[in-house]
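If you're matching them up, the sequences are chains A and B in order.
63 is the number that our numbering gives to position 76 of the first sequence; each next residue is one higher, with no gaps.
331 is the number that our numbering gives to position 344 of the second sequence; each next residue is one higher, with no gaps.
The set of hints was computed from the structure by calculation and includes no laboratory data.
Mixed in with the good hints, there may be bad ones.
Just so you know, same-sequence chains aren't split out, so a pair can sit in one copy or run between any two.
To be verified - Using 25 Å as the maximum straight-line C-alpha spacing, the simulated SDA-like pairs for lysine to any residue come out as follows: (1) K227 with E407; (2) K282 with T294; (3) K233 with S166; (4) K209 with D79; (5) K227 with I169; (6) K136 with L6; (7) K136 with R5.
2 protein chains.
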Amino acid sequence: MVPHLTTSLTGPLHEIERLVLAQRAGIEGWFRAQWQEHVVPFYTSVDLRNSGFKLAPVDTNLFPGGFNNLNPEFLPLCVHAAMSALQRICPDTSRFLLVPENHTRNLHYLQNVAVLRRILEGAGFTVRIGSLIPDLAGPVEVETAAGEKLTLEPLQRRGNRVGVEGFDPCAVLLNNDLSGGIPAVLRGIEQPVVPPLVAGWSTRRKSHHFHVYDRVAEGFAKLIGIDPWVVNPAFSQCGKVNFTEKEGEDCLAANVEFVLGEIREKYAQYGITEPPFCIVKADAGTYGMGIMTVKSVDDVRNLNRKTRNKMSVIKEGQPVHEVIIQEGVYTFESVDGAVAEPVIYMVDQFVVGGFYRVHTERGIDENLNSPGAQYAPLAFETNCHTPDCGGKPGDPPNRFYTYGVIARLANLAAAVEVEELVERESALEVRAANA
Amino acid sequence: MVPHLTTSLTGPLHEIERLVLAQRAGIEGWFRAQWQEHVVPFYTSVDLRNSGFKLAPVDTNLFPGGFNNLNPEFLPLCVHAAMSALQRICPDTSRFLLVPENHTRNLHYLQNVAVLRRILEGAGFTVRIGSLIPDLAGPVEVETAAGEKLTLEPLQRRGNRVGVEGFDPCAVLLNNDLSGGIPAVLRGIEQPVVPPLVAGWSTRRKSHHFHVYDRVAEGFAKLIGIDPWVVNPAFSQCGKVNFTEKEGEDCLAANVEFVLGEIREKYAQYGITEPPFCIVKADAGTYGMGIMTVKSVDDVRNLNRKTRNKMSVIKEGQPVHEVIIQEGVYTFESVDGAVAEPVIYMVDQFVVGGFYRVHTERGIDENLNSPGAQYAPLAFETNCHTPDCGGKPGDPPNRFYTYGVIARLANLAAAVEVEELVERESALEVRAANA
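The task is simple: from the sequences and hints, build the whole structure.
Spelled out as structure tokens, the structure:
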């Protein structure tokens, strides 16, 4: 169950939504069983695309940075969900360390940090903010977009524990995606780090996530009796690409051809007449950098210098060598005439809110996570508390329930993915110890 | 943490509220530790009285019947909390049986049942309603105050399991307080019953609850450094009273004198000039029946026939033989000029909403749970998402946080109380088996 939210779509429900609504009890029971086997991530946000004929996650963020874009009315939901999660992580003490991104000039991001702090405080924790900013000599006060004050303090390592001056936390909440690598100050500490360090972009890969998602979608599709493709974008990957040096072009072309072929086949099967497209993006990337829309093999042959430069480097100057070629999913949603896609936020196993990412300068076949994007919080939809709401298809709340289900599938995939990353790391550590 | 709710009080915070707000992290940590030791009730509602100098629970209901009076916007909170609870109770299956009260003519109560069903359905369960109405031959459709349809079905016992026609639930949720005793059809079944059958009014006693609450309040008061009296109403009890036969009057008089004496002492200590009063009520009672306000011993000597009749019988015609004499707590809250008291609803360990019980015909020293009471849902208070809300005393949301804390103390007492009832029953069963 998710809160009832408004959606921008008002047309009739697609088959998938009808099936999901009809099998709600079975689906929730299935999720309950899954969460007994897997550790749910502390928080996740999922970008969805709804093309009417397909509703699928296209990106799963384990360090969500847009809590400031949620409807403020969702705060109690966030707090309850955080209480559930933190009961497992910190049963005995009440001190939490929040480690944010370093970019202190993004005042909206800082507001996200302020909201996260408020959620943790609401759950009954004393929160301090430990910064990874190099050479931070002492506490620094910064002001967020909403005018709130945050004190960033230098991280201090004491033996196997990390904290800030005079503050020994029970756990560390990472809101830094570690694009620049795992910092030494956090390695090998005895406090729990959530998400685990290996979930950062120095070790995580989108392709790994979507490989796991393949299995999750398969199981879910079987449960409700649908073609898994309807909730799962096709994808492929290339491991050795260098856009600057024009290396790996053949691999890219072959995989673009492969993914476009898969889409063509499905479009033919379902009588869909829109032209297929893929999204090529950095396999370890984030922040909407290193992303391009591709409609034919020619689009990746002979890239011009500008595109090659755009694709070659992502956040914190990391070079791109691995890419994922993902089926593009049209978005047929719009807010005030601008192209929109829903972003769903989860804390623990609960959907706690979401917003529309809206872009006035982008098309329905383009990545919207780029400069100029705006955010429209999803609102509570309260009209489903009257008798006529018993699951009438086409009701905005019902549509949003389906969004929550698909986002939770991606959350489940993230859980398994992180488990596998942690296992792999343990195996490497054992091997290193034995070497 | 509780959702931010509006309160009718706008005056300055009393000392207790200031102390609670200042020690939020410590209090939440304390609750976390308590909930690791005790099983939280599935749901509870708590009547509070706030006199400014005292904020205390006066009644704790383990079968709350006013979910229909909550703000509809609270539904997602209820659903999340129910998901938390039901994960423990029914991890594997998705079928739930709801057993309501028998009074089908109270359409508002039926609406409460409809909302409860919606919460369970929202948490992903298939819900059927099993009725204890005697001689119910088959399914009966009833309509609630809001015009929703409910199908009441006769309970069916099959071996050690209970269900309704063609439906074998994983568990039974009681919303029937068992004032008339524990029905044979529910005895000894293998499915979990929540709350346990012994939590019904045939075995439960208010005085037992408040004995346990004494210990909880003691621990809490020590934690935050207050006099436990500030959150705990004094009380005493009489075990052999018969109002019709004028038996037990001496016991009643002596205990009224005792409780009034306790209050007088405390009022003197704190310089409170209002006249002390007590509330005499059935120890196993509910529904606001069998309740009287007493300001002196004379009030319980020579009761007139009308009062004796009123006090002698409660719900379902059960005679009153045991009474609790509880310190009366003035309510200084009012809604639209009428006397009001807050009622706080909890599901699992979470505060999920509340309402004001408002009575235009009652005074500040009277029980408001009586015919003519009205209900004003507490609203979300969203103004605490701006920077100026960092705990400014006197803010309505902060006041409501304190209400949530005190209500959760009563919830904790209820948890321990139910544990003790279950233990006592097991001991009796063992003794019976050995006899």
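Each hint, compared with the structure:
no. : hint           : in the structure
1   : K227 with E407 : within (23 Å within a copy, 66 Å between copies)
2   : K282 with T294 : within (15 Å within a copy, 85 Å between copies)
3   : K233 with S166 : within (24 Å within a copy, 81 Å between copies)
4   : K209 with D79  : between (41 Å within a copy, 18 Å between copies)
5   : K227 with I169 : within (22 Å within a copy, 71 Å between copies)
6   : K136 with L6   : between (47 Å within a copy, 24 Å between copies)
7   : K136 with R5   : between (46 Å within a copy, 23 Å between copies)
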